[in-house]
Amino acid sequence: MLTGTKLEALLAKLRRALDERGSAEAAEQLFREVAAEARRLGFVSAYVHYVLAAALDRMGKLEMAFDELKKAVGADPLALPLRQAFQDVAARLRAALADPARAADDADIPRLYALLAAAGEADLEAHLAMVRFAVATAQLERARVLAEAVTTLFPAAREAWEALARVARAQGDVARATAADAEATVTGVQAPLFGVTGKATA
Amino acid sequence: MTSETKDEILLKLQAAQILSSEEPEKAELFLRSALKGAEALGHSSPTLHLQLAELLYRLRRTRQALEQVIEVLELDPFNLVALSLKEVLGRRLR
Chain A
0 MLTGTKLEAL LAKLRRALDE RGSAEAAEQL FREVAAEARR LGFVSAYVHY
50 VLAAALDRMG KLEMAFDELK KAVGADPLAL PLRQAFQDVA ARLRAALADP
100 ARAADDADIP RLYALLAAAG EADLEAHLAM VRFAVATAQL ERARVLAEAV
150 TTLFPAAREA WEALARVARA QGDVARATAA DAEATVTGVQ APLFGVTGKA
200 TA
Chain B
0 MTSETKDEIL LKLQAAQILS SEEPEKAELF LRSALKGAEA LGHSSPTLHL
50 QLAELLYRLR RTRQALEQVI EVLELDPFNL VALSLKEVLG RRLR
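Residue numbers (numbering that gives the first Met the number 0), protein chains in the order written: chain A, 0 to 201; chain B, 0 to 93.
Hints may be right or wrong, so weigh each one.
Each computed DSS-like pair below joins lysine-lysine, with the alpha-carbon atoms no more than 30 Å apart [what the hints assert, rightly or not]:
1) B/Lys85 / A/Lys69
2) A/Lys69 / B/Lys35
3) A/Lys70 / B/Lys5
4) B/Lys5 / B/Lys25
5) B/Lys5 / A/Lys5
6) B/Lys25 / A/Lys5
7) B/Lys35 / A/Lys60
8) B/Lys85 / A/Lys12
9) A/Lys12 / A/Lys60
10) B/Lys85 / A/Lys70
Rather than coming from a laboratory, the hints here were simulated on the basis of the structure.
Construct the complete structure from the given sequences, taking the supplied hints into account.
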């Protein structure tokens, strides 16, 4: 077991971070220093990453909190409380990404999408938001690849086929657009019955 | 004999979580079984040991709880929850 003055100093710093009432940024800094020192000592502390994530979440830094929770779950993959916190933040990121009030060409979309997709936490709505972004920013080839992948991942989702039809039509690919429209017509369900998440790849 | 999958272990942990207040002895069985499965998969989970320590503390099995807390601190010496529990258990043993 790690003991000694170095550990004591880091634990004191960690307690100071948890007790920090004045400045959330100061607490964040302390947590990050402890995490970095712990790593230098050969420990990836799920606990430190978890409490840092909680602090970041309280500060409204949801993406950073997600990143820290990923580290915590990576260090302790069988920890239910960490997994639950990770799922909670992922759900809030998905909701933020698919917010109907968000403009289709919002510059935050690719970053939020990449964060979720890299963690295998992108759902249908997240993928479709990215397809819409690619169309809105004239990246039709990218939109097409993604839309094709989404229909593979969610073949029962009408919205996925409708998105593919829109992209194909924008590209002038009438045949593919018609075929996708036909699929959309016979697909009665608007969204998958269960919350399937996953990374769409072509 | 094949190892349990991570999902099977997580299922046991969920069962333990649900049972921990009403049937702690049964929860302990699930937790110990999950720990065994995790070891077979090469995972050492400080949180799992901590859950077991908290359960054993509630069952007043202080020495066994302390053993689990020591396991937590071997894996994650920065876990302040485990450190606090260690102090409480130490006081109880004195």
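Exercise. For the pair supplied as a hint, lysine 85 of chain B and lysine 12 of chain A, confirm whether the alpha-carbon distance does not exceed 30 Å.
Key: Distance ~19 Å between lysine 85 of chain B and lysine 12 of chain A Cα, so the pair holds.
Exercise. Below or equal to 30 Å on CA atoms is what counts here, so check lysine 69 of chain A against lysine 35 of chain B.
Key: holds (24 Å)
Quiz item: Are lysine 5 of chain B and lysine 25 of chain B close enough, with their CA atoms no more than 30 Å apart?
Solution: The hint holds at about 20 Å.
Exercise. With a cut-off of 30 Å on the C-alpha distance, tell me whether lysine 85 of chain B and lysine 70 of chain A pass.
Key: Holds: lysine 85 of chain B and lysine 70 of chain A sit about 25 Å apart, inside 30 Å.
Quiz item: When you check the alpha-carbon spacing of lysine 12 of chain A and lysine 60 of chain A, does it fall within 30 Å?
Solution: Holds, at roughly 22 Å.
Quiz item: Does the alpha-carbon distance linking lysine 70 of chain A and lysine 5 of chain B stay inside the 30 Å limit?
Solution: With Cα atoms ~18 Å apart, lysine 70 of chain A and lysine 5 of chain B stay inside 30 Å; holds.
Quiz prompt | Satisfaction of hint between lysine 60 of chain A and lysine 35 of chain B, Cα-Cα up to 30 Å | solution = It is violated: about 37 Å lies between the C-alpha atoms, which goes past 30 Å.
Quiz item: Would the pair lysine 85 of chain B and lysine 69 of chain A pass a check requiring their Cα atoms to be no farther apart than 30 Å?
Solution: holds (27 Å)
Self-check item: Pair hint outcome, lysine 25 of chain B versus lysine 5 of chain A [Cα-Cα no greater than 30 Å]
Solution: With Cα atoms ~40 Å apart, lysine 25 of chain B and lysine 5 of chain A exceed 30 Å; violated.
Quiz item: Regarding the pair lysine 5 of chain B and lysine 5 of chain A, is the alpha-carbon distance no greater than 30 Å?
Solution: Violated. Lysine 5 of chain B to lysine 5 of chain A sits at ~35 Å, over the 30 Å cutoff.
The structure is inconsistent with the numbered hints 5, 6, 7, although it conforms to all the rest.
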